[in-house]
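Please model the entire structure based on the sequences and the hints provided.
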Amino acid sequence: MGRYRIRVATGAWLFSGSHNCVQLWLVGEHGEAELELQLRPVRGEEEEFVLDIPEDLGTLQFVKLRKQHSLVDDAWFCERITVQGPGTGTETAFPCYRWVQGTGVLSLPEGTARLAGDNTLDVFQKHREKEVKERQQIYWLVLPSGTEELQARLEKELQNGSLFEADFILLDGIPANVIRGEKQYLAAPLVMLKMEPNGKLLPMVIQIQPPNPSFPTPTLFLPSDPPLAWLLAKSWVRNSDFQLHQLQYHLLNTHLVAEVIAVATMRCLPGLHPVFKLLVPHIRYTMEINTRARTQLISDGGIFDQTCQLLSQAASTGGGGHVQLLHRAVDQLTYCSLCPPDDLADRGLLGIPSALYAHDALQLWEIIARYVAGIIQLFYQRDDVVSGDPELQAWCREITEVGLCQAQDRGFPLSLQSQAQLCHFLTMCVFTCTAQHGAINQGQLDWYAWVPNAPCTMRMPPPTTKEEVTLATVMGSLPDIRQSCLQMTITWHLGRRQPDMVPLGHHKEEYFSDPKAKAVLSQFQTDLENLEKEITARNKQLDLPYEYLKPSRIENSVTI
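Note that the sequence shown covers residues 25 to 584 in my numbering.
In short, the hints are calculated from the structure, not lab data.
Be aware that a few hints might be false.
Distance windows between CB atoms, simulated [stated by the list, open to error]:
no., residue 1, residue 2, range
1, Lys-224, Leu-402, 26 to 32 angstroms
2, Arg-520, Asn-477, 28 to 34 angstroms
3, Glu-425, Leu-402, 24 to 30 angstroms
4, Thr-513, Glu-425, 36 to 42 angstroms
5, Arg-394, Thr-560, 45 to 51 angstroms
Glycine included, every Cβ here is placed at the ideal spot set by N, Cα and C.
The structure is reproduced here in structure tokens:
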């Protein structure tokens with residue numbers, strides 16, 4: 025009993041407010057009370073109410089709310105509700121950060137992260153089990169037919185904030201993942217390289233067509249060849265880089281891996297779980313942008329397929345070629361390939377002064393690892409707590425067995441048995457959804473706007489002899505004006521800073537209410553700021569600065 029101060033925050037996104045009335049209840053360990061107020065949420069505002077409640081509610085556990093409507097269901101984006109009880113100066117937070125729609129009652133638990141318990145009478149245990157069961161009906165890798173209502177709910181859930189829109193999507197980036205410090209190039213043409221003392225890789229031999237026992241040995245192109253022949257051979261290599269970069273290193277290794285993480289998180293972890301609270305800012309908009317990619321980019325009749333129709337659009341892997349490439353790329357998608365310390369060592373890029381991606385990626389990996397460890401150590405003090413968490417184990421299995429298609433053969437874990445193993449796996453998740461995507465996604469205007477530097481398609485077959493290559497051959501092979509304009513337009517469109525871009529570690533949503541967890545996030549932000557200063561100082565000494573992994577330029581999730 026006593027006076028309660030209630031604050032209700034509505035999102036600032038477009039259409040976040042609602043003309044519908046909202047009804048609230050406070051639920052404590054001793055009882056619940058329906059609040060005598062009719063709230064009409066206003067976009068971007070925090071409304072405060074002071075009410076006297078005669079009942080002794082005890083420690084608050086939930087806030088329940090229900091949005092009423094008469095003619096239309098006017099969705100409301102609720103950020104959070106905070107309550108200050110009688111006789112105390114502290115506030116209890118009930119995070120929401122979702123759209124409220126329909127006429128059902130939504131229960132928001134108090135924001136302290138909790139692991140699953142064995143007590144079936146525990147109200148929080150009942151809540152988390154109910155929440156996961158409902159989410160598993162909403163989030164599917166493939167929605168079953170006849171689920172129009174679930175589809176509508178999913179589409180609203182995917183927005184998870186502003187009404188995110190994009191006119192179209194083309195996967196983009198620069199070849200941070202293609203370079204190897206060996207003599208074997210990863211692009212479709214085989215390229216023999218030499219490494220200079222400063223770490224610069226120079227091509228020595230290019231073989232555009234793969235060997236075939238039924239045909240003569242393919243032509244080898246050398247730097248000493250006629251200039252136009254060598255130029256055309258290099259153009260074919262860069263075209264192959266473009267295809268690999270867009271489909272394997274960008275689409276598969278960041279977008280689709282991030283989606284696997286997102287779907288497993290929504291299906292297996294309740295909102296009270298500390299791993300859910302850790303990951304949810306880093307999966308914002310990911311499923312929405314990937315849905316757009318599947319419907320507009322790699323679908324039948326999408327951009328890649330349109331390319332195959334008289335080569336009239338963007339990339340030369342349409343007509344099913346992109347699907348074949350992705351199938352092959354999955355075999356190379358290993359756990360180590362997503363972890364920079366292992367991946368860079370495998371590629372021979374450690375300790376090379378000019379390998380700026382390698383330097384910055386390792387720095388960011390360590391910073392993210394410290395952040396993850398700081399959060400995890402608050403909730404998992406012993407290894408047996410990790411191995412004994414059924415929700416966590418289900419999440420890990422869903423990623424490896426379901427989302428990544430039995431990826432245990434490629435090094436991904438089927439279970440997490442220790443604190444160290446959990447931290448490493450989570451660091452991979454956060455790094456992939458943030459820094460790795462930033463390195464791959466940024467710079468497309470820098471590297472692709474000059475079309476000959478990375479042609480999106482080649483309009484003529486590869487040359488089989490060196491002597492027949494003329495200027496007309498080179499120009500006839502490169503993209504035409506229409507294709508070039510499309511490539512330049514798209515790379516500009518996607519290379520610009522997004523209007524609602526959230527830098528790494530600077531999300532405003534407060535999923536953790538524990539002051540210790542907030543302190544860990546604050547230290548994470550400090551570490552990122554220090555790295556920003558270090559990279560800025562280094563870049564001042566370079567003729568060509570490398571800025572794609574500056575923390576301020578890294579998006580907090582895969583959103584474009």
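A quick look at each hint next to the structure:
1. Lys-224 with Leu-402: 26 to 32 angstroms: Violated, since Lys-224 and Leu-402 (Cβ atoms, about 45 angstroms apart) do not stay within the stated range.
2. Arg-520 with Asn-477: 28 to 34 angstroms: violated, 19 angstroms
3. Glu-425 with Leu-402: 24 to 30 angstroms: holds, 29 angstroms
4. Thr-513 with Glu-425: 36 to 42 angstroms: Given a distance of about 41 angstroms, which is inside 36 to 42 angstroms, the answer is holds.
5. Arg-394 with Thr-560: 45 to 51 angstroms: violated, 21 angstroms
Consistency note: the structure conflicts with the earlier hints numbered 1, 2, 5.
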